[in-house]
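Visitor: Sequence:
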Amino acid sequence: MYWNTKVVELWTSKSLYAMISLNRSFMVTFPAVIESGSEAKLCASLLKPNESLVMNIYLVHGDQSTLLLQEKAEEEFHRCFNIQTPLVEAESVQTMKVELQGKNFKMTEERKVMLRRYNHLTFIQTDKPIYIPGQTVNFRVVTMDRNFLYRHCVFFGIKQDNQNNRIGQWKNISSTNWILQLSHVLNPEARQGIYKLMAYIGERAITHYFEVKKYVLPKFEITMKAPKEITFGDSDMNMEHVLYRYTFGKPVTGKARVEVCREHLRYISQTDLISPCLVETTEVCDCIILYCVTFMKTFSSYVICLFQVMSRGVIVHHGYEKVEVKSSNGAASGTVSFKLSVGADLAPAVQILAYCVLPSENVVAGSRDFMTEKCLKNEVSLQFSPAKAVPGEKNTLQLSAQPGSLCGLSAVDKSVLILKPGKNLDTDKFSENRGSAQPPVETVRTLFPETWIWQLTEVGDSGSAQVPVTVPDTITSWDTEAFCLSSKGLGLAPPAQLTVFQPFFLELSLPYSIIRGEIFELKATVFNYLSKCIMVKVTPAPSSDYTLKASSDDQYSSCLCANGRKTFKWILTPSVLGVLNITVSAEAEASQTVCDNEIVSVPERGRIDTVTRSLLVQVSAHQTALRHNFSMILMLLMSGSARSTVSVIGDILGRALSNLHGLLRMPYGCGEQNMAVLSPNIYILQYLENTEQLTSAIRERATGFLKSGYQRQLNYRHNSGAYSTFGHGKENTWLTAFVLRSFGKAQKYIFIDPQIIQSVKKWLISRRDSDGCFIQQGRLFNNRMKGGVNDNVTMTAYITASLLELETPVTDPVVTKGLSCLRSVIKDVKNTYTTALLAYTFSLAKDMDTRQQLFKKLEETAISDGSHLHWSQSGSADSDSLAVEISSYVLLAVLTADSLTTADLGFANRIVSWLVKQQNGYGGFSSTQDTVVALQALSLYATKVFSSDGSSTVTVQSAADTHHFDVNQDNKLLYQEKQLQNVPAKYSVEVKGSACVSVQVCSVAQFYNIPTPTEVKTLSIDAKIEGDCKTLGQNFILSFTVKYDGRQERTNMVIVDIKLLSGFTADTSMVHLSVSSQTSLQTSLRAPSGLPAQGL
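The numbers in numbering that gives the first Met the number 0 rise by one with no breaks, and the one at position 916 of the sequence shown is 915.
Hints listed in this document are in silico derivations from the structure and should not be mistaken for laboratory results.
You may find that some hints are simply not true.
Claimed, not checked - Once the Cα atoms are required to be at most 30 Å apart in a straight line, the calculated DSS-like pairs of lysine-lysine come out as:
{"#": "1", "residue 1": "K856", "residue 2": "K916"}
{"#": "2", "residue 1": "K522", "residue 2": "K536"}
{"#": "3", "residue 1": "K845", "residue 2": "K856"}
{"#": "4", "residue 1": "K829", "residue 2": "K816"}
{"#": "5", "residue 1": "K393", "residue 2": "K531"}
{"#": "6", "residue 1": "K729", "residue 2": "K1042"}
{"#": "7", "residue 1": "K536", "residue 2": "K393"}
{"#": "8", "residue 1": "K218", "residue 2": "K729"}
{"#": "9", "residue 1": "K536", "residue 2": "K387"}
{"#": "10", "residue 1": "K826", "residue 2": "K855"}
{"#": "11", "residue 1": "K744", "residue 2": "K943"}
{"#": "12", "residue 1": "K845", "residue 2": "K943"}
Source: prediction; values computed, not measured.
Please build the complete structure, drawing on both the sequences and the hints.
Guide: What follows is the structure, given as structure tokens:
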């Protein structure tokens, strides 16, 4: 675990000393720096007053004088007093003024003192220092004062990725029980690099760093002890030791290769200075310090010696003694000793100041600093019982602390800390045999976490807590830590370690994933740390998900002697896709075989070890999607193969809501595709929220997808604030505007960094021409994505509409000029898509005159079919998809009016009737972009016509078949479906009631024949492999050429998906791309192997 730290400062004291006539004298001591707003301590001495005197101590700042202490005395005294200091904002240099006044005189002395406001100590702890993309980052935040006492603070927390983009935020949060514990899930596609957690308390920021990286945990660590230096004349270098140890403590058998490299050194000249002072330090805790002051005296038989002890800038102990002086060799000397018990209040260092007042009224003084052990008032201890365990067994974590403490526990696999060493918690971070014949006991090991314990535990009045835990299945050591907070302050436990080990166990070596069609070598390694030889038998569990074939060495029973290991192999061929569970067992069985001249034994405990690990089987590189004309299928149906169903739901968006798995899906792909599947989440959330139908389950799922899509989209962001398809190359105006529209709406549901949105706006504004029109920049690889946006006019309408949707006022100069640009070209617009988008834009701007002018154009091109109404873009290859998008923009324009008349709703209803007929069985449409716009329009319409009252009855019947459906407010979101038995037949649908319902009939053909379609290829690929890809550690070169033979001038996005053999990694530094012409692309890729692979 890693903690950020602050250094505690140690401040010296200052003294005021004055000599007064008639032998009167006084001395006042106080720290040179005092914490403002605190109860500080100063010490005063008055010698030989000879009369009644008054000592006044003031704190003077400018014209203000504050009386801190008034003391009347007729006899001498040596005392310390508590004073209350004023609160200052940061630092303030003020004056400590001491006034001694008698009947006939007055004496004053002044010294400077600094009042400083110390910040609270705030710490951030993560459960581990490194994470894989997709893992959960657990973290804690704790705030204390300089005495390590809890202080309540309200935090503003943020999380930034390696590009300083905010990917998480927590506003105005605080802990109700001393320790604030939070978590944040990383995106599975999170960029690798250094991330930051930042906690703001006011304007002060505390930062904690962690790393995100794709990694595989190491199984052992290497420690090496080498000489600090060698000379050029040395022919050999003596290595004291090089140790390889598994995380469970056993040595690794192998060979070590040590390289000695000479680094470039920078030389800096420096003059050594010899200090005339002697500094002596020692570490002490709960012991006695004897401090001696030696001096010489000539006349008096005793003197008064005073001492003070300071720690962390505060006087914590004081005293004085009269010291007898003895003459020797013409000189007088004496010794004063005092005992000092060192506790938590004296950590991490103390300064002892001693001074003596001689009869000559001179003062001799000395001081010395001592480092102490970092003791804390809250003593915490932590231990496992027992300290060693076997996988899966019950264990107890014993915790002791001050009664009423709240403790943060954490335990992490030692392998994680080998990969990325973190700093353990310490106070520096806060101050800076044979068995009988009985059935074998078998436990299947399946739990292999990286962080095991991460929890808060309360310690009761007894001062101890027993935390029951179940030991994970990983054979390793768990580094465990605890810190506790109570009313008495902070406490840290010395680190505890639980070693999970069994003397006989099995490990599986699996790749992260393989590709369907491959075969790979499954390896199972058995370890024997028993004192005797055993006969081990290894057996894989049978499964229908894969087949196993014995390797050339097909002996699966073998002798295994003490501290030995043996690897068994099979050839595995998967037969299913997805996650494959592979189970292998190793058993120490009884045998009469003699191994290494001894009879084998059987352990009493742990005779069988069974391990189950997961393997991901992925599809091949090429997935083929077939799309056939349904009308053609109907003509060629096999007799009796048709199946039809009728479904009813009481909401116009019910079909989409009933198929959230199809619409609310995790965003993946490039920058365009990611946004296209992110946006529908927003409109579904808006609709459900506006109609008070949003459940916590849907909100949690949808916002989770929004967070994932937001983090992923940041991968395609440029430093300018704009976005492009792959995050490099030329910025894209349309995609950037799409991001602005979506992020602006999504920030209602998830955290979106305001600076991200502002940078998008700033870049878009910079893309304006002098007439206010926006300039199209960058090419969309997926032309279907942008719908009808293909010129500067349409682009200006799209961006202006986006700004207006985000409630940018019409008076904003950018919006005003954008609308002016659009008005100037309205008469020349012939494109139906642009006309519909302009109508929506001017509806948002509340420009009713221009809106009406555009609607007249739309009425002329409308396609009316009874109760249905829609628009189409003639001559477009994507006419069906664009018709949905155009009609949706017209619907948005109609519904954006300030007040809707009955005629408006009737007009809108005809558009909706046509749109819902275009929906597929999942509630979506034919492409991503038309689904985005259509769902936005339908959700707005559903919000306008939504009613929380009413019910309806739906009757679907034919001559031989009748079905009834009841729809009411309790089941309006219930998806009701029934199969139609009499097919083919003529059915009628009758609806009675006052509630809106959606009825859909779906016909499915289970068996059909179609003519073999003529195969037309517009892209061809030629690939060649050079090198040996069957030998471990070898490289091969893959070269391929892609050619385009189509009729269009250019293609959309072309993605070459290369699936490497499992065990191989691509050397991306060796990737070379060359475009020899406008129709071909040549590429080469170098791939070093890690494991031998077969099958592709």
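Visitor: Confirm or reject each hint.
Guide: Taking the hints in turn, this is what the structure says about them:
Distance restraint check for K856 and K916: the Cα-Cα separation of roughly 25 Å lies within the 30 Å cut-off, and the hinted pair is therefore satisfied. Of the supplied pair hints, the one linking K522 and K536 holds, its CA atoms being roughly 14 Å apart against a limit of 30 Å. For the given pair, K845 sits about 18 Å from K856 by alpha-carbon distance, which is consistent with the 30 Å threshold. With a C-alpha separation of about 22 Å, the suggested pair K829 and K816 falls inside the 30 Å cut-off, and the hint holds.
Under the criterion of a C-alpha separation no larger than 30 Å, the hint pairing K393 with K531 is consistent with the structure, at around 27 Å. Proximity of K729 to K1042 is assessed by CA-CA distance (about 24 Å); at most 30 Å being required, the pair is judged to hold. In summary, the hint linking K536 to K393 is supported, as the alpha carbons are separated by about 28 Å, within the 30 Å threshold. At roughly 45 Å between alpha-carbon atoms, K218 and K729 are farther apart than 30 Å, so this suggested pair is violated.
With a C-alpha separation of about 26 Å, the suggested pairing of K536 with K387 holds against the 30 Å cut-off. Only pairs whose Cα atoms come within 30 Å are accepted, and K826 paired with K855 is accepted, the gap being roughly 12 Å. Distance restraint check for K744 and K943: the Cα-Cα separation of roughly 19 Å lies within the 30 Å cut-off, and the hinted pair is therefore satisfied. Straight-line distance between C-alpha atoms of K845 and K943 comes to about 18 Å, which keeps the hinted pair within the 30 Å bound.
Violated hint: 8 only; the structure is consistent with all others.
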